[in-house]
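**Student:** Work out the full structure: start from the sequences and follow the hints.
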Amino acid sequence: MNYGSLPAFTLRRLRDGLVVLFLVTLIIFVLGHVVGDPAEVMAPVDASEQEIARIRQQLGLDRPFGEQFVSYFGSLVQGDFGQSLWQDRPALTVVNEALPATVLLTVVGLILAGLGGSFLGMLAGARPESRLDQGANLLSIVALSVPNFWLGLLLIVIFAVELRLVPTSGFTGWQSLILPAGTLGMIHGARIFQLVRSATFEEITKPYALVARSKGLPERFILWKHILRNTAVIMATTVGWEYVRMMGGAAFAIEVVFAWPGIGQLMIQAASRQDFPVLQAAVIVAGAFVIVTNAAVDLFYRYLDTRIHPG
Amino acid sequence: MANSAAATGTITGEHSADGGTTARWRQWLTSWGLLIWVGYLLAIGLFAMTGSDLAPYDPTAQQVLARLLPPFSASSRGFHWLGTDPLGRDMLSSMIAGARLTLFIAVVSTFAGMAVGVALGMMAGYYGGLVDRLVMRLTELQTAMPMFLVAIFFLTVMGPKVINVIIILPALVWPAFASLVRAETMRLRNCLFVEAAVASGCTERSILWAHILPNLASRIAVLAVIEVGHVMLAEAGLSFLGIGVQPPQTTWGLLIAKGRPYLAVAWWLAIMPGLMLGLTVLALNLLSRRLATASGAAA
Chain A
27 MNYGSLPAFT
37 LRRLRDGLVV
47 LFLVTLIIFV
57 LGHVVGDPAE
67 VMAPVDASEQ
77 EIARIRQQLG
87 LDRPFGEQFV
97 SYFGSLVQGD
107 FGQSLWQDRP
117 ALTVVNEALP
127 ATVLLTVVGL
137 ILAGLGGSFL
147 GMLAGARPES
157 RLDQGANLLS
167 IVALSVPNFW
177 LGLLLIVIFA
187 VELRLVPTSG
197 FTGWQSLILP
207 AGTLGMIHGA
217 RIFQLVRSAT
227 FEEITKPYAL
237 VARSKGLPER
247 FILWKHILRN
257 TAVIMATTVG
267 WEYVRMMGGA
277 AFAIEVVFAW
287 PGIGQLMIQA
297 ASRQDFPVLQ
307 AAVIVAGAFV
317 IVTNAAVDLF
327 YRYLDTRIHP
337 G
Chain B
534 MANSAAATGT
544 ITGEHSADGG
554 TTARWRQWLT
564 SWGLLIWVGY
574 LLAIGLFAMT
584 GSDLAPYDPT
594 AQQVLARLLP
604 PFSASSRGFH
614 WLGTDPLGRD
624 MLSSMIAGAR
634 LTLFIAVVST
644 FAGMAVGVAL
654 GMMAGYYGGL
664 VDRLVMRLTE
674 LQTAMPMFLV
684 AIFFLTVMGP
694 KVINVIIILP
704 ALVWPAFASL
714 VRAETMRLRN
724 CLFVEAAVAS
734 GCTERSILWA
744 HILPNLASRI
754 AVLAVIEVGH
764 VMLAEAGLSF
774 LGIGVQPPQT
784 TWGLLIAKGR
794 PYLAVAWWLA
804 IMPGLMLGLT
814 VLALNLLSRR
824 LATASGAAA
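Chains as they are written, first to last, in this note's numbering: chain A, 27 to 337; chain B, 534 to 832.
Simulated from the structure, these hints should not be mistaken for laboratory data. Glycine included, C-beta positions come from ideal geometry on N, C-alpha and C. Nothing false has been slipped in among the hints.
So the derived label-pair ranges between C-beta atoms look like this:
(1) 190/A <-> 696/B: 41 to 47 Å
(2) 106/A <-> 794/B: 33 to 39 Å
(3) 251/A <-> 797/B: 46 to 52 Å
(4) 155/A <-> 747/B: 34 to 40 Å
(5) 564/B <-> 161/A: 16 to 22 Å
(6) 325/A <-> 667/B: 22 to 28 Å
Residues from chain B shown here face chain A by an in silico Cβ test under 10 Å; the list is partial:
(7) 677
(8) 686
(9) 687
(10) 690
(11) 762
(12) 766
(13) 774
(14) 789
(15) 792
(16) 806
(17) 814
(18) 818
(19) 819
**Tutor:** Okay, here's the thing in structure tokens:
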């Protein structure tokens, strides 16, 4: 995606991000208002046709589609996501209360994934075909093949039920963070591991490494001082993409498994209660995280690229 | 490793008529590790096609006296390899019965996504220009979107039905096919055989379908195998969250969800279906890697 000079690229990338965010809200709007019928959903079960029509008029649902969307989008921009049908509070407030728990979980999980995956990836890449390499590689493929919520359940059974080392669910203190963050760390760390491993493998045969070896520098020094510099870029961008994956849905299944009071669990609760305002708000907020992180990773990569290849 | 072994033929100077393809395939097929996984996949496929016929017991037959038996236990009905559920139904039979819908949804969704992706990718790669820019834009936007979240919303609004799941899942995979096919088509477009086809008067459509597509087929197949696994995991996630497949239909994801409340007393209810699902996706991943080295190395 070569957009030209750095300032031009930055502007265009930010513009693209806004476009995608706009599209997401449009899709959510279309799905929620045009395809489903909110008036029918919100009316009592035995409401008559006239009552449903009255509710429809009250909510402004009988206005033309374009007008509805403009007013909907206008309120969104001002932070008004409507009123929660289930809790009778502003939907955005409900979402904002759940947000910190999700941020805590995903950031800790990301740190574990990044550190573990990168460290093992470098070790494995530096010793290709060794037992460590083959074992870790196979383990990473397995970790990426199983459902993440299943892995969470398995860890609960082993560590919480059988060994009673940690609580089984809920947010009851820092111990309850171990399993959910650990699950995220394992699965997302696996992909980071794979990419760092192949990047390291490529680097160890490059000329600068051979020069360093011929100078008599110990292998470990070469690895952690020189090669790390080159693989750091891959690590950073992969960590960014894994965060996108987490906020794009992966972390939410984990939240449900561990009854973690974050956006993901909120989303599912809202879905089961047909609370559309809260569900919309949650999807758009989580989506915004995804879009912003995506743009940040792209910009970061492009910025680094400019430093490596100036001009 | 497959790569070095495939190369030794040329190093020692051997040449075979088909460029070593037969030798590579034979070597690939006789590798023991792979045979296990292929056998496993064939078994799952067989279960999917025959439904509950191959199951040791009727998956819906309740036997409340034999409820919540752990794996490897016996009841008056017989031996239960994977235990029984809260109503005494045999777990192994439930899992075999669940294979059908799981595989059906995964394969059909992947196929739909593949069809859309390959068509768009070929058009973008071959025609270039405005068509290409349009398809690229669409793929970029789609990839940047939190598609899984949109899927959650879609299923909540449209109702958690199998048909809706099959409608929304292809949206998760088509960009991968489109990117691959576009890149490959652009590469092949400049090849000599295409020039020859144009010179001999072939229509554009016949060039695309009869000349370019066969060369893409192996790459597409490799990607398709991986994506079936991804779609299977996505469907399991949606069903687990309660917005995918609903009872009385079963998929493995739904079985995991049903077993979850009993995690502390009967762990096998949730863990076993997940194990079967994980092994299936693992088999697909390993198979896809082998396919890639065996066929992609040359093409």
